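A.B. asks: Okay, here's what each chain looks like letter by letter:
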Amino acid sequence: MTRVEILGLELKNPVIAASGTFGFGREFDEYFSIEKLGGISTKGLTLNKRDGNKGIRIYETPSGLMNSIGLQNPGVKGFIEEDLPFLENMDIVILANLGGSTLDEYLEGIELLNNTSIDFIELNISCPNVKEGGMAFGIKCNTAERVVKEAKKVSKKPLIVKLSPNAENIQEMAYSCVNAGADGLSLVNTFNALAIDVYKRKPIFENITAGLSGPCIKPIALRMVYEVSKVVNVPIIGIGGIINWRDAIEFIMAGATAIQVGSGNFIKPDISLDIIKGIEEYMKEEGIKSLEEIRGII
Amino acid sequence: MKENYRKGIIYKNTEISPNIYELVLEGDFHGIPGQFYMLRGWDWLDPFLSRPISIADIESGKIKFLYEVKGRGTHIISKLKKGDTLSLLGPLGNGFDMQMEGRIALITGGIGIAPMLYLAKKLSGEIHIYSGFRNNAYFLDQIRPYVKTVKIATENGSIGHKGFITEIFDPKDFELVYACGPTPMMEVVLKMCKGIVPVFVSMENHMACGIGACLGCTIETIRGMERVCKEGPVFKGEEVVFND
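As given, the protein sequences belong to chains C and D, one line each in that order.
All residue numbers for the first sequence refer to our numbering, where the first residue is 1 and numbers rise by one.
All residue numbers for the second sequence refer to our numbering, where the first residue is 1 and numbers rise by one.
Treat the hints as calculated values from the structure; they're not laboratory data.
Nothing here was measured: the structure is a model prediction, and the numbers come from that model.
Careful, some of the hints might be misleading.
Taking lysine-lysine pairs in the DSS-like style, the calculated list, with each CA pair at most 30 Å apart, reads [what the hints assert, rightly or not]: (1) Lys77(C) <-> Lys36(C); (2) Lys81(D) <-> Lys121(D); (3) Lys148(D) <-> Lys79(D); (4) Lys289(C) <-> Lys230(C); (5) Lys277(C) <-> Lys289(C); (6) Lys230(D) <-> Lys36(C); (7) Lys12(D) <-> Lys202(C); (8) Lys200(C) <-> Lys191(D); (9) Lys70(D) <-> Lys81(D); (10) Lys153(C) <-> Lys77(C); (11) Lys152(C) <-> Lys77(C); (12) Lys268(C) <-> Lys62(D); (13) Lys122(D) <-> Lys54(C); (14) Lys194(D) <-> Lys268(C); (15) Lys12(D) <-> Lys268(C); (16) Lys162(D) <-> Lys62(D); (17) Lys191(D) <-> Lys121(D); (18) Lys284(C) <-> Lys12(C); (19) Lys2(D) <-> Lys268(C); (20) Lys2(D) <-> Lys36(C); (21) Lys2(D) <-> Lys12(C); (22) Lys230(D) <-> Lys54(C); (23) Lys70(D) <-> Lys202(C); (24) Lys277(C) <-> Lys2(D); (25) Lys149(C) <-> Lys230(C); (26) Lys191(D) <-> Lys54(C); (27) Lys268(C) <-> Lys36(C); (28) Lys236(D) <-> Lys122(D).
To list a few chain D residues with every Cβ distance to chain C over 12 Å, as calculated [stated by the list, open to error]: (29) Val69; (30) Gly110; (31) Tyr138; (32) Phe200.
Where is the CB? At the ideal position from N, CA and C, for every residue including glycine.
Next comes chain C alone, as it looks inside the complex (with noise of 0.2 Å):
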């Protein structure tokens, strides 16, 4: 019933565990089977291993959190050698999520990846905490037209591209990426944002700004899906504060087709099974047969 399609791909249902707040699944998959998830999206990868930020990582705001872990991961061949085999074994849909700083990092990345069993790259043009994250490239329209087109010819995966919220224009990066090649679109990234120690007279993190995610920033996501939903007809992923299933059905009905968990995670790991749980009782209950139906109706 809560069965999805992605770009003719079937999930399980709509809910995917988000990048970064999931690691590979493993620490997860210890409090409840992930393969009840409709996808899991790696944590962010970057071509070669990174040990990510110094300082304070983890800020918590009210109704959510601010984040600048920094793209600590082990890289694309770390990834397939030490995480991927855990994942591929299981009934489950692998999104790869994929950062660079250059273009040609994104491209060998890919050709890395072009030769594993993951079923999606989701390209991440929209890290806001270090510069290898891409963010550079999710800002203005241009700058993430060209990436994406070289990355659509390059790889053999489709390509979802994560847009992040601090783009100019969220309608016209949608219209673009898509333009470029973009085989679906995930949305939102973290809001860049600012928290300071009002004694030590200093930001809290580092890098002076963070990632803001979690509910506080659920409504904004929402109207983003919807007006880029607007502009596209290629498969949308709507990610931002979602907790519950009421959530995740308002982002359906905005026009996505699947959805994604993210900060939630932390407050309860099985969070997302309470999602599915919710969405299936929502249909029975309203007499929903396919979510097809209530998609984009808004």
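Use these hints to put chain D onto chain C, whose structure you have.
C.D. replies: For chain D alone, kept in the frame of chain C given last:
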């Protein structure tokens, strides 16, 4: 499968010193000294994250936590009463190495005393505790039956040595040291003990998931960045890289 967040019923939640609370929950809880639980004393989304609190003691049918009210989360927890419920996830982290014996020093600063009762109860060997506080000493009355000596320092001199606890500690007297407290204290302990006696330190950090996925609580070690919630919170002292 590991257990998800579960409810615990509060048996006791009392202020034992200004801003320091002893929380006891009823239920069958597990864990070894040095491990922690994520505590959530509210059903709403603000505060968003749960609070990592180390196990102070486990007895049949009860678990004890000692915590300091530092922000909104611990403030809310401090207002809970007997009979109220609290959500818990755990036990988490590695915990202290319990194979050690001999003459052991436990060195604590402030609320860093929290895991030491349970540790002192479970360790074999001759245990001596050195506890530093800002103004008031607390929790030592409960630890006293399980240790050979108790040494206290307060910054204002109201009880015990006036100054820092590290000023009355001699590493040469011991075969092993466990330390938990503010980073500057742990750095001094490590400097003093270097080449003389091995030290285990229990670290803390801001945490989001508590289970090793978000990489929000990592610290720098000689092996690279490691997670306080997973590889830690207890690390070998010489492995932690302190950045001044």
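A.B. asks: Does each hint fit the structure? Answer for all of them.
C.D. replies: Going down the list of hints, with the structure as the test:
{"no.": "1", "hint": "Lys77(C) <-> Lys36(C)", "in the structure": "holds, 27 Å"}
{"no.": "2", "hint": "Lys81(D) <-> Lys121(D)", "in the structure": "holds, 28 Å"}
{"no.": "3", "hint": "Lys148(D) <-> Lys79(D)", "in the structure": "violated, 35 Å"}
{"no.": "4", "hint": "Lys289(C) <-> Lys230(C)", "in the structure": "holds, 24 Å"}
{"no.": "5", "hint": "Lys277(C) <-> Lys289(C)", "in the structure": "holds, 15 Å"}
{"no.": "6", "hint": "Lys230(D) <-> Lys36(C)", "in the structure": "holds, 24 Å"}
{"no.": "7", "hint": "Lys12(D) <-> Lys202(C)", "in the structure": "violated, 39 Å"}
{"no.": "8", "hint": "Lys200(C) <-> Lys191(D)", "in the structure": "holds, 26 Å"}
{"no.": "9", "hint": "Lys70(D) <-> Lys81(D)", "in the structure": "holds, 19 Å"}
{"no.": "10", "hint": "Lys153(C) <-> Lys77(C)", "in the structure": "holds, 21 Å"}
{"no.": "11", "hint": "Lys152(C) <-> Lys77(C)", "in the structure": "holds, 20 Å"}
{"no.": "12", "hint": "Lys268(C) <-> Lys62(D)", "in the structure": "holds, 23 Å"}
{"no.": "13", "hint": "Lys122(D) <-> Lys54(C)", "in the structure": "violated, 35 Å"}
{"no.": "14", "hint": "Lys194(D) <-> Lys268(C)", "in the structure": "violated, 41 Å"}
{"no.": "15", "hint": "Lys12(D) <-> Lys268(C)", "in the structure": "holds, 25 Å"}
{"no.": "16", "hint": "Lys162(D) <-> Lys62(D)", "in the structure": "violated, 36 Å"}
{"no.": "17", "hint": "Lys191(D) <-> Lys121(D)", "in the structure": "holds, 28 Å"}
{"no.": "18", "hint": "Lys284(C) <-> Lys12(C)", "in the structure": "holds, 16 Å"}
{"no.": "19", "hint": "Lys2(D) <-> Lys268(C)", "in the structure": "holds, 13 Å"}
{"no.": "20", "hint": "Lys2(D) <-> Lys36(C)", "in the structure": "holds, 16 Å"}
{"no.": "21", "hint": "Lys2(D) <-> Lys12(C)", "in the structure": "holds, 24 Å"}
{"no.": "22", "hint": "Lys230(D) <-> Lys54(C)", "in the structure": "holds, 18 Å"}
{"no.": "23", "hint": "Lys70(D) <-> Lys202(C)", "in the structure": "holds, 20 Å"}
{"no.": "24", "hint": "Lys277(C) <-> Lys2(D)", "in the structure": "holds, 20 Å"}
{"no.": "25", "hint": "Lys149(C) <-> Lys230(C)", "in the structure": "holds, 22 Å"}
{"no.": "26", "hint": "Lys191(D) <-> Lys54(C)", "in the structure": "holds, 23 Å"}
{"no.": "27", "hint": "Lys268(C) <-> Lys36(C)", "in the structure": "holds, 16 Å"}
{"no.": "28", "hint": "Lys236(D) <-> Lys122(D)", "in the structure": "holds, 19 Å"}
{"no.": "29", "hint": "Val69", "in the structure": "holds, 16 Å"}
{"no.": "30", "hint": "Gly110", "in the structure": "holds, 18 Å"}
{"no.": "31", "hint": "Tyr138", "in the structure": "holds, 25 Å"}
{"no.": "32", "hint": "Phe200", "in the structure": "holds, 23 Å"}
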